[in-house]
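Asks: Here are the chains, one letter per residue:
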Amino acid sequence: MSRVDGRLKVTGGATYAADNQLTGLVYGVLVTSTIAKGRIKAIDTQAARKAPGVLEIITYQNAPKVPGYEAKPTGQTRVDGQEFRVFYNDEILFNNQPVALVLADTFERANHAASLVTVQYAQAPHQTALRPNLTKGTKPKRADDYLRGQANAYTTAPVRVEQEYTTPINVHNPMEPHAATAVWQDANNVTVYNKTQAVRIAQQDIMKAFNLKEENVRVHSPFVGGAFGSSSRVWPQEMAAILGAKKVGRPVKVVLRRDQVFNMVGYRPESIQKVGIGASPDGKLVGITHEAYGLTSSYEQFAERIVDPSKSLYSCPNLNTTYKLVPLDLSTPCWTRGPGESSGSFALESAMDELAYALGMDPIALRLANFAENDPENQHPWTSNQLRACYERGATQFNWARRTPAPGSMRDGDWLVGLGMSAGIYKAGRSPATARATLLADGSLLVQSATADVGPGTYTIMTQIAADVMSMDPAHVRFELGDSALPPAPGQFGSHTTTSVGSAVYDVCLSLRQKVLELASGQAITTRDGYVELLRQKGMPQLSVTKESKSGSEEKTHSGKSFCANFVEVWVHPVTGQVRVVKVVSALDVGKVINAKTARSQVLGSVVWGLGMALMEEGQIDHRFGRYVNKDLADYHLPVFADVPDIDVILIDQPDTILDPIGAKGIGEIGMIGFAAAVANAVYHATGKRIRNLPITPDKLMA
Amino acid sequence: MINFQYLRASSPKSAIDGVRTDLSAQFIAGGTNLIDLMKRGITAPPKLVDINNLPLRDIADEGKTIRIGALALNSTVADHSLILKKLPLLAQALNAGASAQIRNMATVGGNMMQRTRCPYFYDPSLPCNKRAPGSGCGAVAGINRMHAIFGLEPVPDQHVCIAVHPSDMCVALAALDATVEVWGPGGNRTIPFTGFHRLPGSNPQKDNTLQHGELITALRLPDNALATHSHYLKIRDRASYAFALISVAAALDLKGKTIQQARLAMGGVAHKPWRLTEAEQVLIGKPATEATFREAAQVAMRGARAFEHNTYKLKLAPAAIVEALTRAAG
Amino acid sequence: MQHNEPDRNNNAGQEARRDFLKQSTLLTALSLTPSVVVQAAEKHLDEKAAAYFEQVTLKLTINGKPYTLSVEPRVTLLDLLRERLNLTGTKKGCDYGQCGACTVHIDGRRTLSCLTFAVMHEGQAVTTIEGLAEAGPQGKLHPVQEAFIRHDGFQCGYCTPGQIMSAIGCLREDRANSPDEIREYMSGNICRCGAYNNIVDAIAEVKKGGQKV
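Chains as they are written, first to last, in my numbering: chain V, 346 to 1048; chain B, 6 to 335; chain P, 18 to 230.
Looking at chain V on its own, in the form it has when it is part of the complex:
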């Protein structure tokens, strides 16, 4: 089934955060710092205030008070520490930090006036580089070291690999820059149109900040132009718009410039990882040690699940992991597609490939020899696991059998050919979610839940689930999301929308169907006319059921994961070092597939992300200035059409009978896990050069 919102999206009719042109709209443009650390000595706004069209300029000196900024950190927030407080005081905590908001009647006038604001700083020495500061690394409050069996047992194994792998900063860079439009209806009621993966979280954050009740804060986000984790908390543009609107008493729109997207709305933190892995000569793993360093801001601890794939992907008796965070003078990183797992799996799956070579063993055979029958982290049985089928069907489709293992042994014309593979694992679970299903007088069905659709096809999938349960034509079902006033749902992240909200939609529709059955005295109704007639007979304008849905005891007794096997063919030019990915096969176990079209699209997206991570994405900071130097889309390379080859997606499509009532596991991230390693492994196979520092750019292959 094609997307239900397809027509809106292809006609320009879908309204994203910056598309809300409210009457009396005022444009807000942020002025940002040019130092990474220190204090504001003086802000001169005189010239800007004189510029045409300027209504107000907000700085820390005149910003409306934010009561929530005064509260002590509770330790209950999703990221530990003191959130960044916009226009709070004279402190500069990171480069390109917002220091003023210029409000004017047109975008051009606001923009120009912003260029007239001058700021003087008292600069303090900053630290933005991870490696020179590793000794400052500490165990994050919310991530524990892990040990099973003996620590560092890999050192006792007859065959072992011990290497360091690094991954750079990656920036989400959704095509839609982050934006918010805010309007205060009165002193206590605010409405925000923003870009968010979680209208309820945004609402709660705003309630807390301004000490408002739930009914006083309304957040709308019906369409989100990509987010990938970057819109899962409230950021400066929302706060600036709300403060600006409060100050001028009119709606205010704040849209981040692309360079501001680089450090104001999170990013994937850099990592330095050491993996030690040892096996007996027959390929049985003896021990794995995975030690990771990440970075965070000076004011919050953002912890990733970087060592998680190592804990569960393979059966291995001895395993120890550590994770340390280095606080730096940067903004706080945040969840980025496969947050932690993407970086961690690059190290693990590269090391596995190195081990396969050390053993003289086929990389798939090595993985099969260490297949985990239960989750090795906790010995719980899997809710379902089709990883073997992923290896098998992926290898067949890819024709893995053609691979001759020796590096540099395969060619096509001038080009060196490399075939590489990897495996991936990603948590599958669900969170409590509530949905409302309403049978309307015209016999159509309205289903609502405060989830989001940042691109995976939630509008469509929920429509399908509801239509399926109600035996209705999907054309007669409408699903609404992206409004904080709707029944609560978790944010759209962590690949759990279908399991959580899908289950809620399923459950509420079952209840509604049951209600209809009772009303109709046991007569099943299957037609729209039948519903119209029933409501008419009963004198009901509509029939509505609201229901919360959540996991049961299976969460404690079983381990839910999605799995994948990635196969990549690269061609490397032996003279110029250019790498072309020419074929990809992704085989995935994501439980039951609700919509084959959108599910496949999710995997295509993960592959393109993996390809970008492997070959080109790197946020570069000049540490002398603590400032990004490649903060636009010409210098920070995202994959373009010409980079992306044919991608075969194999969905095993076996329902998970334990995790949730609809059989789904989650698909938004799994296709990216391990993918960068599959590319690096293929490059090694093509060239004999093992690149352990992403991205694999031509200069590294020339070295």
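None of these hints come from the bench; they were simulated from the model. Backbone N, C-alpha and C fix where the C-beta goes; we use that ideal spot for every residue, glycine too.
Taking lysine-lysine pairs in the DSS-like style, the calculated list, with each CA pair at most 25 Å apart, reads:
| id | chain 1 | residue 1 | chain 2 | residue 2 |
| --- | --- | --- | --- | --- |
| 1 | B | 320 | V | 1045 |
| 2 | V | 417 | V | 553 |
| 3 | V | 942 | P | 157 |
| 4 | V | 928 | P | 225 |
| 5 | V | 417 | V | 486 |
| 6 | P | 225 | V | 942 |
| 7 | B | 69 | B | 260 |
| 8 | V | 619 | V | 1045 |
| 9 | B | 44 | V | 395 |
To spell it out: a stretch of chain B is covered by chain V in this simulated footprint if at least three of its residues, at any positions, have a beta carbon under 8 Å from a beta carbon of chain V; those stretches are:
| id | region |
| --- | --- |
| 10 | 123-134 |
| 11 | 245-255 |
| 12 | 319-326 |
Keeping the supplied structure of chain V fixed, place chains B and P upon it in accordance with the hints.
Replies: What follows is chains B and P alone, placed relative to chain V:
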């Protein structure tokens, strides 16, 4: 962005008059680089003279030369049958640059006027002698992976600039012995293409040898015997829509296997498109073999020096020369 | 039909502005010394005074409708469409010509609306994503729009208007003869969701179908 004065010129003379009298005025054609620079506060001309209505778009075969009007669009030139037949190297280079949309907007003259993409130039809060003379070069001890390896004469810190010229088209034009026709307040003149762009010297803020108020009206390219054996090789961080790490324009006139004439230029290596005349001399009269190409590449690399992050160019550049020549000869 | 946007700026100084415009749009007047006000504006001295003189008239056609507007020269075509004319289907992705989300057609040619000033398009015809389908919620879609839906050529949908406008350009330029050619000639349109292969399929299908684009 300031709200500049906008004027639409109806003749080259009125355009030149419009800019001549005002030292900070600028012409605008496609605008694809100028508007970008204005948005980022790197340049702020208070007056723009729009030259898009001027009759400078024709592409004509004038017998021994091909004349391309300065306002011909990059895409028009790249798709033009005359160019495809006689100057395929130019078409290839054009199509290797930017995107289809930008090529539909950008003019040939504007492409020549492109400023460097050095990130230090592009961020007004960072030092850059090209943007803010005397502020220092951010790149020389910074992130200089994209930067120059040629044309780096020792100069005092306040003049240092290791930026590269970003154009692909200009690399082909440098190889193809183009000349630039210019009209200006002081009359009309012709500039050999290799003399159009300049090295930074003690004036890194100046990219080229145009005088204020001078307007590029056309390019002239000599017809040549190089069309059959030419290749534009561009090595970049992704497969399309990225600036070159290294690019090579190579063209050969072969008689049997013997090289009669050769043209060779590189992009991504210097403050200007980098013509390699000495390497060309090495090629002439020799067989078109890998050994010959290697010898030429070695000569081409004389005088190259690298910085912390672009040492790879010392290996990649000669490799790219050999590869481009091999494909040209093939 | 003439679509005139109400002037939401202060009307004071209209007369003086008209006089100034008479001078500035005629290059023959260039030899005249710019007025004191313009000099002030150039030197950023008193912009409030200069503001009255900052707009120029512009006539252009958008999606078949003629518009007569008064705009500041610094307004990009993209911002004019989105912020003044409420044609928000055209998207701002990067604002620097590096992503393709703002692609529109000017006189039939695919162009980046963020890298051009509106005033540079006097008398020209602009087509945006809103101008492709027949009017109304059930109006007939353009073949490329239909193909995008059929092939799931988008996820979040944000780059989609630009992709579709660019795809039409790619087809008109006859650069859609193979998947590789489509990939090269669509590379100016970035899709962070990674819908590339589905877009290639959509374009190839329209090419194969031979529909007029």
